[in-house]
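*Asks:* Sequence:
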Amino acid sequence: MKPPFTVQPGAAGIPTDWEAVESWLGLRLPTDYRALASEYGPLDVGEYVWLHVPCVQAGRFDYGVWLKDTHRRCRSAARKFPPYAPLLFHPEPGGLLAFGETRSADCLFWDTSASDEPDRWPVVVYVQDEVNAGQNPWRHLGLTLTELLDSLFRTGVPLTDARTLGPLPPTARRTAFLSTPTAWAPPPADPPEDPVRRTALTEGTGLDALRRLVPPPARPYVGLGDWDELFDALGTRLPREYVDLMEIYGGGAWSSWLNFITPLRVEATQGYKGLPDFVEQILDGYRSLRADHPQYQPLAVWPEAGGFLPFADSIDGDVLGWLTLGEPDDWPLIVYPRHEEQGPLLRGRLVETLLDWLRGRPIPGFANLDEDEDPLDHCTFEQWDATSFH
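Heads up: the sequence shown begins at 11 in the working numbering, then just goes up one per residue.
If you are wondering where the hints come from, they were derived from the structure by calculation, not from laboratory data. These numbers were taken from a predicted model, which means no experiment stands behind them. Please note that a few of the clues may not be correct.
Restraint-style ranges between C-beta atoms, simulated for each label pair [stated by the list, open to error]:
1. 291 - 357: 25 to 33 Å
2. 198 - 79: 15 to 23 Å
3. 374 - 75: 23 to 31 Å
4. 160 - 277: 51 to 59 Å
5. 48 - 287: 43 to 51 Å
6. 351 - 181: 36 to 44 Å
7. 258 - 213: 31 to 39 Å
8. 276 - 325: 20 to 28 Å
Here are the simulated lysine to aspartate or glutamate pairs, EDC-like style, with alpha carbons at most 20 Å apart [claimed, not checked]:
9. 78 - 380
10. 78 - 383
11. 78 - 384
12. 283 - 257
13. 78 - 381
14. 283 - 102
15. 12 - 49
16. 90 - 383
17. 283 - 392
18. 78 - 102
19. 283 - 339
20. 78 - 395
Note that the Cβ used here is the ideal one computed from N, Cα and C, for glycine as well.
Please model the entire structure based on the sequences and the hints provided.
*Replies:* Take a look at the structure:
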């Protein structure tokens with residue numbers, strides 16, 4: 011197809027096995043989308059809209075992961091606002107299927123329920139401004155992809171009473187954060203479900219239950235340092251439960267969200283040099299913010315009496331730590347949130363809290379699952395090594 015925009019040099023197609031992609035999706039894709047993707051690859055359209063295509067770039071983008079994460083995020087967020095019951099999302103039959111997003115965090119979907127013919131699928135927009143205002147975020151445009159692109163450049167497309175998407179400059183270029191994309195291949199089929207892990211979602215307590223739910227790595231990585239040296243550097247011992255957990259799992263990411271700092275990593279060439287370095291950087295930042303805005307940073311910080319002592323962070327910038335009240339084994343947990351006001355102490359100890367969260371129970375300050383999700387899909391642990399940032 012001849013696009014309604016001028017494509018700048020450098021935008022080239024990526025070899026795509028469309029039969030494999032569509033087999034994995036269980037859907038045929040619109041002809042206009044396939045033609046654009048085959049000819050140009052991922053595009054930044056009109057300096058505002060990203061058209062995503064089946065491709066991968068290490069550390070930046072994976073088509074299959076992006077689809078899943080976008081569907082999950084929009085479904086979960088939309089549940090909070092009228093009409094509350096979210097629309098269906100792929101892979102549900104007739105579900106919305108994402109294909110792009112904007113610089114304002116809007117997401118573009120096809121409504122696959124509208125027709126058995128993909129070329130007639132209309133575009134539906136998840137409007138982030140409406141989410142921010144507590145309003146229904148969905149805008150059914152009644153336009154195919156080709157019709158949407160044409161409207162974006164000629165007249166613009168109304169999204170809210172106060173906002174129109176476009177008109178945009180009629181140009182497109184290779185997406186800047188995907189400078190070296192390669193062909194994407196569907197992931198292998200999931201292995202058969204482990205009945206031991208399924209049972210551990212509801213049965214058992216403590217580290218034994220956690221090990222059944224999320225089998226630990228064969229060689230956990232904690233770093234080449236020494237626990238006593240760590241305690242000396244911090245000026246305190248740490249809860250025995252934390253030490254046991256780290257010796258079993260090492261540093262790593264739980265559920266692709268909660269990052270446990272590698273505590274004894276004195277050999278780091280990048281990122282944090284063990285827990286003391288992490289503590290110093292987090293608390294230096296907290297003290298600085300507290301000096302300017304004490305009403306938003308109400309916590310004492312270590313080594314102040316009862317001070318906050320962090321040991322993990324999230325991909326969203328939240329920080330998990332203890333309030334150092336009493337003996338280390340009695341320290342309560344608390345989350346220092348990145349985007350919210352300071353919340354309460356958590357009720358459980360570390361392993362209990364981690365286990366409850368992985369089982370799908372809401373934890374204040376944590377990223378909690380949508381009610382339609384299977385917790386077992388998120389019971390994962392990715393261990394760090396000497397080259398990791400954390």
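*Asks:* Against this structure, judge whether each hint is valid.
*Replies:* Results of checking the hints against the structure:
1. 291 - 357: 25 to 33 Å: Taking Cβ atoms as reference, residue 291 and residue 357 lie about 28 Å apart, which means the hint holds.
2. 198 - 79: 15 to 23 Å: Holds - the Cβ-Cβ distance for residue 198 and residue 79, about 19 Å, lies within 15 to 23 Å.
3. 374 - 75: 23 to 31 Å: For residue 75 against residue 374, whose Cβ atoms are near 27 Å apart, the range 23 to 31 Å holds.
4. 160 - 277: 51 to 59 Å: Taking Cβ atoms as reference, residue 160 and residue 277 lie about 57 Å apart, which means the hint holds.
5. 48 - 287: 43 to 51 Å: Check passed, 47 Å falls within 43 to 51 Å.
6. 351 - 181: 36 to 44 Å: holds (42 Å)
7. 258 - 213: 31 to 39 Å: About 19 Å separates the Cβ atoms of residue 258 and residue 213, which means 31 to 39 Å is violated.
8. 276 - 325: 20 to 28 Å: holds (25 Å)
9. 78 - 380: holds (13 Å)
10. 78 - 383: Judged against 20 Å, a Cα distance of about 11 Å means the pair holds.
11. 78 - 384: Answer holds: residue 78 to residue 384 is near 13 Å, not above 20 Å.
12. 283 - 257: holds (18 Å)
13. 78 - 381: holds (15 Å)
14. 283 - 102: This hinted pair is violated, its Cα atoms lying about 45 Å apart.
15. 12 - 49: holds (10 Å)
16. 90 - 383: Distance ~16 Å between residue 90 and residue 383 Cα, so the pair holds.
17. 283 - 392: Satisfied, since the Cα-Cα distance of roughly 19 Å is no more than 20 Å.
18. 78 - 102: holds (12 Å)
19. 283 - 339: Cα-Cα ~25 Å, so violated.
20. 78 - 395: Roughly 27 Å between the alpha carbons, so the hint for residue 78 and residue 395 is violated.
When each numbered hint is compared with the structure, violations occur for hints 7, 14, 19, 20.
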